[in-house]
Structures are given as structure tokens and as C-alpha cells.
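K.L.:
Each protein sequence line maps, in turn, to chains A and B.
This note's numbering applies: residue 165 is where the first sequence begins, and numbers increase by one.
This note's numbering applies: residue -7 is where the second sequence begins, and numbers increase by one.
Keep in mind the hints are simulated off the structure, nothing from the lab.
All residues carry an ideal CB built from backbone N, CA and C; glycine is no exception.
A couple of the hints might just be wrong.
As the list claims (entries may be wrong) - Computed cross-link-like contacts, BS3-like style, restricted to lysine-lysine with a CA-CA straight-line distance of at most 30 Å:
{"hint": "1", "chain 1": "B", "residue 1": "Lys247", "chain 2": "B", "residue 2": "Lys363"}
{"hint": "2", "chain 1": "B", "residue 1": "Lys151", "chain 2": "B", "residue 2": "Lys273"}
{"hint": "3", "chain 1": "B", "residue 1": "Lys252", "chain 2": "B", "residue 2": "Lys115"}
{"hint": "4", "chain 1": "A", "residue 1": "Lys591", "chain 2": "B", "residue 2": "Lys65"}
{"hint": "5", "chain 1": "A", "residue 1": "Lys654", "chain 2": "B", "residue 2": "Lys63"}
{"hint": "6", "chain 1": "A", "residue 1": "Lys361", "chain 2": "B", "residue 2": "Lys363"}
{"hint": "7", "chain 1": "A", "residue 1": "Lys591", "chain 2": "A", "residue 2": "Lys693"}
{"hint": "8", "chain 1": "B", "residue 1": "Lys273", "chain 2": "B", "residue 2": "Lys363"}
{"hint": "9", "chain 1": "B", "residue 1": "Lys273", "chain 2": "B", "residue 2": "Lys142"}
{"hint": "10", "chain 1": "B", "residue 1": "Lys357", "chain 2": "B", "residue 2": "Lys252"}
{"hint": "11", "chain 1": "B", "residue 1": "Lys170", "chain 2": "B", "residue 2": "Lys273"}
{"hint": "12", "chain 1": "B", "residue 1": "Lys273", "chain 2": "B", "residue 2": "Lys259"}
{"hint": "13", "chain 1": "B", "residue 1": "Lys363", "chain 2": "A", "residue 2": "Lys591"}
{"hint": "14", "chain 1": "B", "residue 1": "Lys60", "chain 2": "B", "residue 2": "Lys142"}
{"hint": "15", "chain 1": "B", "residue 1": "Lys142", "chain 2": "A", "residue 2": "Lys591"}
Stated by the list, open to error - Non-contacting residues of chain B with respect to chain A, defined by C-beta distances greater than 10 Å in every case (computed):
{"hint": "16", "residue": "Arg62"}
{"hint": "17", "residue": "Lys223"}
{"hint": "18", "residue": "Ala258"}
The primary structure of each chain is shown beneath.
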Amino acid sequence: MSAVIDNPSHDDHEHHGPTKGIARWLFTTNHKDIGSMYLWFSFAMFLVGGCMALTIRAELFQPGLQLVEPEFFNQMTTMHGLIMVFGAVMPAFVGLANWMIPMMVGAPDMALPRMNNWSFWILPFAFGLLLSTLFMEGGAPNFGWTFYAPLSTTYAPDTVTYFIFGVHMMGISSIMGAINVIATILNMRAPGMTLMKMPLFVWTWLITAFLLIAVMPVLAGVVTMMLMDVHFGTSFFDAAGGGDPVLFQHIFWFFGHPEVYIMILPAFGVVSQIIPTFSRKPLFGYHSMVYAVASIAILSFIVWAHHMFTVGMPLAGELFFMYATMLIAVPTGVKVFNWITTMFRGSLTFEAPMLFSVAFVVLFTIGGFSGLMLAIAPSDFQYHDTYFVVAHFHYVLVPGAIFGIFAAVYYWLPKWCGRMYSEPLAKAHFWLSFIGMNLAFFPMHFLGLAGMPRRIPDYALQFADFNSISSVGAFIFGATQLLFLYLVIKAIRSGEPATDQVWEGAEGLEWTVSSPAPYHTFSTPPEVK
Amino acid sequence: MRSRLVKALSLLLSAIYAADVSAEYGLNMPRGVTDISHSVYDLHMTIFWICVAIGVVVFGVMFYSIFKHRKSKGAVASNFHENTTIEIIWTIVPVIILVVMAIPATKTLVEMYDTSDADVDIKITGYQWKWRYEYLGSGVDFFSNMSTPKEEIYNAQEKNENYLLEVDNELVVPVGKKIRFLITANDVIHSWWIPDFAVKKDAIPGFINESWTRINEPGVYRGQCTELCGKDHGFMPVVVRVVEQSEYDDWLAQKQEEAKAAAELAKLTFTLEEQMERGEKVYATNCAACHQPNGQGIPPAFPSLVGTEIATKLLDKHIEVVVDGVAGSAMQAYGGQLSEVDIAAVITYERNAWGNDTGDNVSAKDIVDYKNK
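Same shape as in the complex, but just chain A:
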């Protein structure tokens, strides 16, 4: 409102701060406030989803049923997946986008600030709806985060309806967030900030946003078809009524495969910011990085049925999806080679953001290797739906997406709150997470190859040892995240003051503003040369 009034005391207006109390957070249109809310919300969901993971790991610590019944176990696997994907990883990246994209392209705020507020405030209601099902008669959704029909339609608990509306709301939130990111990047760059000068984090988010707009409606479509099957007597996925259960999987994975890139591309961007900073050397192959991300995004639309090699597709279909999937290794390889060449003959230091980024490159690559193995259709018949797959996608999501988020938080936290975190505590967080995570997920490769299916509450005796190790690792990893919470709060309250530059080798517009970043930045656009 006041923006259109010609205010004589212009300076005061420029520097006015946030309103006080709860109203600041409810009605804010400030990209920094909204970014912070997204980040805190996603961390809360990370802990909730983590508790569910620990319930699963506690039950699997030993053979036999000890703590939970199979029905509740299935609810835990389902809710853990849904909450981590839609509640922890995706909102965390949207939070980073909110904080950093305007500051990196020299814009005063996001292009659509009111929509920005709305897209955040939908989320607590969506997850409130989803989590409330845990306390309802019949229990929470129990059909896996991939909710294959007809287990999720004809045979689902009544709470499936809450799940469907929750997913609709998350989808609306994501689409609005994506529109906002695209509008900001395409319209609000500072003079001189051409597309091919944009930082890679901005590039990866631009491409991610297009993926979101393309596939979230597909997810909305598939859950709406489920809703029709459950409540209105249609038979989209019910063979008894002439429907097709395999159709569900095609639609779901047409959303689901780009979705996995939605969760990893922004992490590619984060790492591409951090590695040059701590190597004190420009990013190697900027152009090929941009093209590689774009190729990965395009390829992600034509590989979906590699999740379905065992459904009985015709031979030609199997071959097509096998070749297309193998092709993704090429641009992904280019990215890894570029990161390593950036480090080569640099002047390296290993503060927490760099530690997480280096671990990202190594462990994500291991996840990529197992992905390449899974692409080989005949071998996939052996790997499919075993713990090998669980190991694979946790290797790309935990040290991939989650380590990317940790790296980003350590890297930009001093800019956000004007204070440094404690480096020794952060290093402890890194090493405990690193050890815990590998202990939890590496043995799963062996379990899967030896024949343990995923999503089972109890297992045959030959799987006992590796399951115990995995559970110990999971608890180490989980407990370590409380240390992260403590050290972030400690930094915000009483950390050492940070300089504006923060990191010696950091480059980019965000480092030209003071630390902490003022409530409004770049009200006058900077000039980029």
C-alpha cells in the first residue's frame, strides 16, 4: 500500500522493519520472512518424518514383531515417505529459493509476494490434514508413498480421502511457488544480469520450477481419479469395472520421476555455488552445467516406466525405457566431472558447507552408480522392490537433497542472521551425520541383493545382522539432527558477528549486502557487469 504513496521521508520508508508479533508471520509478504518460515516448517517435518523412520528402524532392529503391528508399520512407511518428500525436502528448497533468488538476481522481493504468503500458509493445513489421519479410526494411509491402486482405492482405509485433499493442497502450494520463482527470475533480474550470468542455484531452480508446473497437475489428476474411484463409483483403476491398475502407475511415475529431479536439481545448484567458493576458483564448465541440468530435466520426462520394469510391459517398451534411463548418466556424469575439476588445482578449505558439498558429490555419485545398475532392465528384475532400491534412493536423497540443504544453511546462515555458527559443532554434525547415514544405508545394498523385499515389517533370519547395523546408524543420524537444531539456534542467538563477505572466496550479489541482510534489499537494482 505505502509503496504507491510518495513518501517525503523516503529514507525511513526504505528501512522500515517488520511489524511486531504474530501478525508479522501471518500476513508477511517479505521473501525473507517467508523463506524462514518455509525452512523452519520443513525442519519440523524433517523431525516428524524422522521419528517415523526411527519407528521403522526400531521394529526392524531384530527379526520378529516387537514394537508395532504390521498395519501400523505400513502407516509409518507411507507417512515417512510422504512427509519427507512433500514436507521436508520440497519446502526446504522453496525456503532457500525465497531467501536467495531475489538476493542473487538483485531483485527487491519475489515477483508475487501475496501469492508467496498463501503458498506457504497452505502447507501447515495440508500436513495438519495428513497427520490427523494417524489419530482416526482405521489409521493413516498405509499403501506406501507411491499409493498404487487398487491397494489405495478399493482396499484403502477411509482416511484416503484426507490424504487426497492433503496432496491437492500441497500441489497447489508447489505450483504457486513455482510460478513465483519463474516470474521472479524472468522479470526481476538486475540490469546486466543476463540468463547466462545467473548463479547456478538460480538456474537449477528455474528449471525445477518448470518441472513442478509440468508434473504437479499430473499428480493432482491421478489423486482425483482415485477420489472418483473411491467415492463416485468410477473404475479408472479397478479391473473389475474395466479399469487398469497399471494406468495408475504410468500416471503416477510420469509425475514421480520428474519429482525426484525436483528434489535434487536445487541441491546441484547449491553445491555449484559452494564448491567454487571454497576452492577459490571459478566453477568449471558453467555453460555445460546449465545444459546438463536442462538435459536431465528433459530426459526425466521419458524414463518414468523404469520404475515399472516388472509390470509386464512389452519388450519394445522395456528396451526404450532402459536406453533412455541409461542416457541420464551422461549429463549427470558431466556435472560430477565439472565439480571435481573445479576443485582440481584450487586452494581448498573445508568449512561445514564444503564438507557437506564434498560428501554430496561422493555419496550422490554412489547413488548414481546404483541408479545406473537399476537401469539395466534384466538386473532390475532382481533389484526391483528390494532394499537395494531403498539404499539407492536414500543415497540420492539423504546425502543428495538433505546434505545439499545442510550445506546451503551453513553457507548462507551468516548472511541471514548476521552471526556465524560454531564451526566445531558443525563439523561434529557433519561427521556424525556422515557416519550415521552410511551406517544406516550402505548395508541396505547387501540386504537387497541378498533378497530382502522392501516395506516388510519382519524378515528372514539371514537378514538380521545388516538390519541391526542399519538401525544403529539410523539412530545416530536421527539424534545428530538435534545437535543441528541446537547449533542453529545458538548461532542465531549468540554467534560471533559475521562479516558482509562471510567467506573469503564467495562471489555473487548476496555477499554485497550487509550481514544480516536488511529486511529489504536491492530496492534500487544493482548494476551487474
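Following the hints, put chain B in place on chain A, whose structure we already have.
P.N.:
Leaving out everything else, chain B in the frame of chain A:
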């Protein structure tokens, strides 16, 4: 320094090699007992070693930089950030590796898809939570349920060697013959898997998927359902006994005899005690997973049978529910799964157990009459 690096590398490699040879300790994929499973294993090991080789090179360069190019060691950053030649090389080389990998993979896949000229055809149907095996053209048709007792699962008894991987009726097939599987499901999606055969195929309602195997060595091979199919997904193992042709023929003949004998039973009448005894067994195998051994069920998904209208009063409705199932729920139609004798016994059991005490004795003829109505 160099010798230390070599030593560390060789140690790492020997650890990986050890992992390879100790397949029997459950670290690696089993090599299996069919030609296809051998091809799959070879593919798996080839791609694994390719990944290891790439990993050694890539991580080698990375760790070299991490140790050599540290600021603390006085490393000064160079400024190079582009080199078209090397970027083209590291795009082309992976493409060549992938093409080399795709050729044997395609060959194996084509073989796996050739289901022609089978010697034995077996239809496999997934149910919540058991498998049904029908030997097409021979009249042999039976269910295979997990036989691990609840006491072992709930840690009241010591777990046996084949814990969760044992069934009441194994699938029996002849060695060295091409066996074609026709795989489908009755309710939700299941997936039939034997690692040693490298056969995994989804069982999908409304679809009949095909797969085949030719097993080289007699023995007992175990696997599990590998598609989440509800509550007892972890408790529906697949067990296959592979025997010589002559033994297989004897077994098949014996199964055909049993089927005839079961049909004879329908003509007899039984006392309430006999019915209760038979019914309790049928209930334990087919009903207890959902309705629980004490009949209380797990409401609301799986209703209680104790003192309800249907279980104590409405006999016709009771028969209807058991024979035809309840549409849109987990209650299956048992009319095609159990014999009339077993259905009569289990209904009698349900009407007299847990204090229901109706005194009703339902006969096989009642079930036949209902079916003919």
C-alpha cells in the same frame, strides 16, 4: 606416499573382492540356478565393476585434490574454468561405455521375453496374503500359505531356520524343463519372485503376465512377495521344490488322487465335533490373519465375528459373505478357493466358537444349494 596409496587401494579392492566371493553370506546377488539367472548375475557384476572403475578414477582425482590442493598446504588457486576438448571427451566416453553395456543387457532381456514352447504351464494367482498355483490342463489346483507359526513371529518361540520363508504347500516343478508362469492377482497387486531363478513378475488384477524358467539343479528355492499388498505383505513367501521328472509325475498323480478324494468327502455328513475340528484348521489358515484367532478382528477394516447378527442369526447371509465375499472390501469370495466341505466346516466353526454357540451344523450340501440358487 605413493606406496601408501597403492597399499590402501589394494586393501580396498581386496575388501570388495571378498564381498564378491562371499555371496553365500548374503552380501551379493545369488548367482542362481538357471541360465538366465547366470546372465543376469554376469550383467550385474559387469556394471558393478564398471562403476567401481569409474569411481576409482573420479574419486581418485577428487581425493588427490583434497590432499594436495589445500589452502593450508599453501596451494594457490589457478583460474582455468573451461576446456572444450576435455568436456567433449567426458561426454563421449560414458556414451561408449553405456552402449557396450546395453548390448548384453538387450540380449538377456530378449531371452527373458521368449515364453514359447513351454513344457509345463502354471497359473499363479496372488491373493491377500497367499499364492494359488494351478497346473493348467491337469486339474491340480491349490493354495500356498505361510506356515511359520504366530508364536515364532511374536518371539514366544525360537525361530526356525526357514523363518517366514516356509509354506504349507510348495510349488513343485520338474528340473530341466521349460516352465511357463501365467501370473495374475485376485485383489491388489502382488509380485512373484524367486531370486535363484531371476524371475520377478508383478501379479496384477485384470492382467495375465507371462514369465518362464528352466531350472538346472533340483532343490528348494525360496522367495517372497515383492509388491506392497497390505497388512501381511511380509508374510507371503514363495517356495518352489524342484525335483526329477519321475518324482514330479508321482507327485502330480498323488495330487490328482487327493482332489478326487476331497470331492468324495462332500457326500458324507459330519458331526458337530468333526465339523468344529476341520473348521478350526480352515479358519486358522484362511481367516485368522484378518479376523484374528479370537474372532475379534481389527475393526473397522476387519470386523469382529463374535456375537454379531450375521455370525449368530442370519445363516443365509453368513454363507453368502463367505462364498461370494463383500464387494469393495478385503473380504474375498471363498467359493472358488475352498471346497464346499471346508466352507461348511468353517461356517459351522464360526457359528459355534468364541461363545457364539448357535449349535448350527452347516453341511456341504447347504453350500452346494446356495451356489446353485
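K.L.:
Now tell me, hint by hint, if it's right for this structure.
P.N.:
These are the hints, each one checked on the structure:
1. Lys247(B) <-> Lys363(B): Given pair Lys247(B), Lys363(B) holds - Cα atoms ~25 Å apart, limit 30 Å.
2. Lys151(B) <-> Lys273(B): It holds: about 22 Å lies between the C-alpha atoms, which stays within 30 Å.
3. Lys252(B) <-> Lys115(B): Holds: Lys252(B) and Lys115(B) sit about 21 Å apart, inside 30 Å.
4. Lys591(A) <-> Lys65(B): holds, 20 Å
5. Lys654(A) <-> Lys63(B): Distance ~29 Å between Lys654(A) and Lys63(B) Cα, so the pair holds.
6. Lys361(A) <-> Lys363(B): violated, 76 Å
7. Lys591(A) <-> Lys693(A): Judged against 30 Å, a Cα distance of about 37 Å means the pair is violated.
8. Lys273(B) <-> Lys363(B): Holds, at about 23 Å.
9. Lys273(B) <-> Lys142(B): Answer holds: Lys273(B) to Lys142(B) is near 14 Å, not above 30 Å.
10. Lys357(B) <-> Lys252(B): holds, 17 Å
11. Lys170(B) <-> Lys273(B): violated, 36 Å
12. Lys273(B) <-> Lys259(B): At roughly 20 Å apart (the allowed maximum being 30 Å), Lys259(B) and Lys273(B) satisfy the hint.
13. Lys363(B) <-> Lys591(A): violated, 72 Å
14. Lys60(B) <-> Lys142(B): Answer violated: Lys60(B) to Lys142(B) is near 60 Å, above 30 Å.
15. Lys142(B) <-> Lys591(A): violated, 47 Å
16. Arg62: violated, 5 Å
17. Lys223: violated, 5 Å
18. Ala258: Holds, since 29 Å exceeds 10 Å.
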